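K.L.:
Here is what each chain is made of, one letter per residue.
2 protein chains.
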Amino acid sequence: MDLKSELEKRRKIFEKELQKYLQEQEPKVLYDAVKHLPLSGGKRLRPILSIISCEAVGGKIEDVMPFAVSLELIHNFTLVHDDIMDKSTLRRNIETVHIKFGEPTAIIAGDTLFAKAFEVLHNIKTKEAIEIAFKLSKCVKEICEGQQMDMEFEKRKIVSEEEYLKMIGKKTASLFKFSTEGGAVVGGGSDGEIKALSSYGWNLGLAFQIRDDYLDIHGEENILGKDVGNDIRNGKKTILVVHAIKVAKGDDKKKLLSILGKRDATDKEIKEVFEILLRTGSISYAENLAKGYYKEACKSLEMLRDSPQKELLKEIARYSIERKK
Amino acid sequence: MDLKSELEKRRKIFEKELQKYLQEQEPKVLYDAVKHLPLSGGKRLRPILSIISCEAVGGKIEDVMPFAVSLELIHNFTLVHDDIMDKSTLRRNIETVHIKFGEPTAIIAGDTLFAKAFEVLHNIKTKEAIEIAFKLSKCVKEICEGQQMDMEFEKRKIVSEEEYLKMIGKKTASLFKFSTEGGAVVGGGSDGEIKALSSYGWNLGLAFQIRDDYLDIHGEENILGKDVGNDIRNGKKTILVVHAIKVAKGDDKKKLLSILGKRDATDKEIKEVFEILLRTGSISYAENLAKGYYKEACKSLEMLRDSPQKELLKEIARYSIERKK
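Heads up: the sequence lines are chains W and E, in that order. Each residue of the first sequence is one higher than the one before, starting from 25 at the first, in my numbering. Each residue of the second sequence is one higher than the one before, starting from 25 at the first, in my numbering.
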């Protein structure tokens, strides 16, 4: 089974569906801003995870589509607002919404994506629709809490690994968990299957975010589609930084702290930080941590019946810790 | 029946309920920002309207509470984000959320209020819960569209009355309509009752917004709890301005256009604009327009069975065009 072509197949079906839900035209500027990010591509990982989870428990692709669209809209809503807060200028190789349309319209565009995500849920035909809407609202609350923690950590000198994990659990893993869990619910999975896929999504999300931390400092800008080193410039307490601050000594520690949070840090300085992270063993520490969650994710799948989808989920987990973008 | 004491009675019951739903503590800064505006008072008009509408069709107050709380959270979410966009510094006589907590946290606090509004809906016990959640998402989309139109009108020289009415319909009347309509739905009203209260809420909302336009230029700052004249400073196309631009001539028109949109316009200049609006008949034009919607609102109530609540709704409509804050 070829991971790429399997993902691609589902991505195409999904994108056709997504476009169906993004038909609004007026006010033009608002809906141009609303569509800017969701129609510019992206991995579509969350919707694809929901689709495969639905299939894995014997559900039909068409039944999970509204849920999948809703997930992608929520994900894009959080990106639009996060980019304002993080002052990011580039995403998916194009201008961020607030750069292109201005902050006020970007704020409303995010709100509109959020509202649409709930609107779309109305098309779920299972009796669990209200339960899913409720869980979505709780999930968004968690994402907000995680984003706030992320920002507060920027201003703090020391953040523990425990605090870091709590933060990325809320900011990233909660939506992954909701994607796989919700897919299983819509697909009519058993309680055991739902629990298994929920646990898979959670661990996958943690592994995914740790890889994200790594890519932000060592990714290729043109592959990644966004600026490299911005986490360092924003003073973010990624797992790499959390670990390095704990173990770095002498000049390394001094240098690290002097570049961390420096808005105008040069590419050379970002590279210096990367060298420090190598020397402190923080890069391999993070890799091992991600690998641990990857293994947990795969273990969660064991109780599922064997199927091509089960294998696909394992491959996605592997991809999440090896990906280049 | 004393309007004030009847409203006060319901306001107290409502606020107790609202507090029950705002118990989250962590992250502290986020939830301080989330609670800042909703726990600082306000008229609570939308929840009270939903309560009285529920009662008017024979429903129980306790059944409509989650819906009422949800409305107030949505209203506050829009205020938090609007205040960022409008650069407002004062609301309900206290600092706006972005002034007190910074813009990033204010954006997330708004998002959290939005998410909570959906979460709260989960406590509605009627079978219509999913329908109400769906309608809420559509309503928020309309509010976003209205807010975008409002901002775009700031940059335009000419806005027609028709465009203005479409804008305030989305920005303000849609949530009023949803409040009264939803209250009737939760209360188990007949189709006719739901339609009547929906129409009442819509017309009330239009009348309310026109009065808002008036108060922004001729309200008392300490009664109003926010800066007077900001609509003029922001170049907003209120009904007063829409009318005055159409009929003003010569020096009046020149002066009006020169002050409109002037961010640092003095209080004296705001007063000059008010004098022009008096001379052009725009003040009385707006008053008559509001009166028309007030009458329509009252007419919508005719088919309801007679009750103290029906009288109360009429009095609220009258209040909406006579209020000082």
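There's no promise every hint is true.
[As the list claims (entries may be wrong)] Only some residues are given here: those of chain W computed to face chain E with a beta carbon under 8 Å:
| # | residue |
| --- | --- |
| 1 | Leu54 |
| 2 | Pro128 |
| 3 | Ile132 |
| 4 | Lys162 |
| 5 | Gln171 |
| 6 | Gln172 |
| 7 | Met173 |
| 8 | Phe177 |
| 9 | Asn246 |
Keep in mind the hints are simulated off the structure, nothing from the lab. Computed from a prediction, not measured in an experiment: that's the story for all the values here. Just so you know, even glycine gets a beta-carbon here, dropped at the ideal spot from N, CA and C.
K.L.:
Does Phe177 of chain W pass the interface hint, meaning its C-beta sits closer than 8 Å to a C-beta of chain E?
P.N.:
Violated - the Cβ of Phe177 of chain W stays beyond 8 Å from chain E, reaching only about 10 Å at its closest.
K.L.:
Does Met173 of chain W hold up as a contact with chain E if the rule is Cβ-Cβ below 8 Å?
P.N.:
holds, 5 Å
K.L.:
For the hint on Gln171 of chain W, just tell me whether its beta-carbon gets within less than 8 Å of chain E.
P.N.:
holds, 6 Å
K.L.:
Let me know if the C-beta of Lys162 of chain W comes in closer than 8 Å to any C-beta of chain E, holds or violated.
P.N.:
holds, 6 Å
K.L.:
How about Asn246 of chain W: closest beta carbon in chain E under 8 Å, or not?
P.N.:
violated, 29 Å
K.L.:
Should the hint that Ile132 of chain W touches chain E count as held when the rule is a Cβ pair under 8 Å?
P.N.:
holds, 5 Å
K.L.:
Hint Gln172 of chain W vs chain E: min CB-CB distance below 8 Å?
P.N.:
holds, 4 Å
K.L.:
Let me know if the C-beta of Pro128 of chain W comes in closer than 8 Å to any C-beta of chain E, holds or violated.
P.N.:
Because about 4 Å separates Pro128 of chain W from the closest Cβ in chain E, which is inside the 8 Å limit, the hint holds.
K.L.:
With 8 Å as the cut and Cβ atoms as the points, is Leu54 of chain W at the interface with chain E?
P.N.:
Holds: closest Cβ of chain E sits about 4 Å from Leu54 of chain W, inside 8 Å.
Checked against the numbered hints given earlier, the structure breaks hints 8 and 9 and satisfies all the rest.
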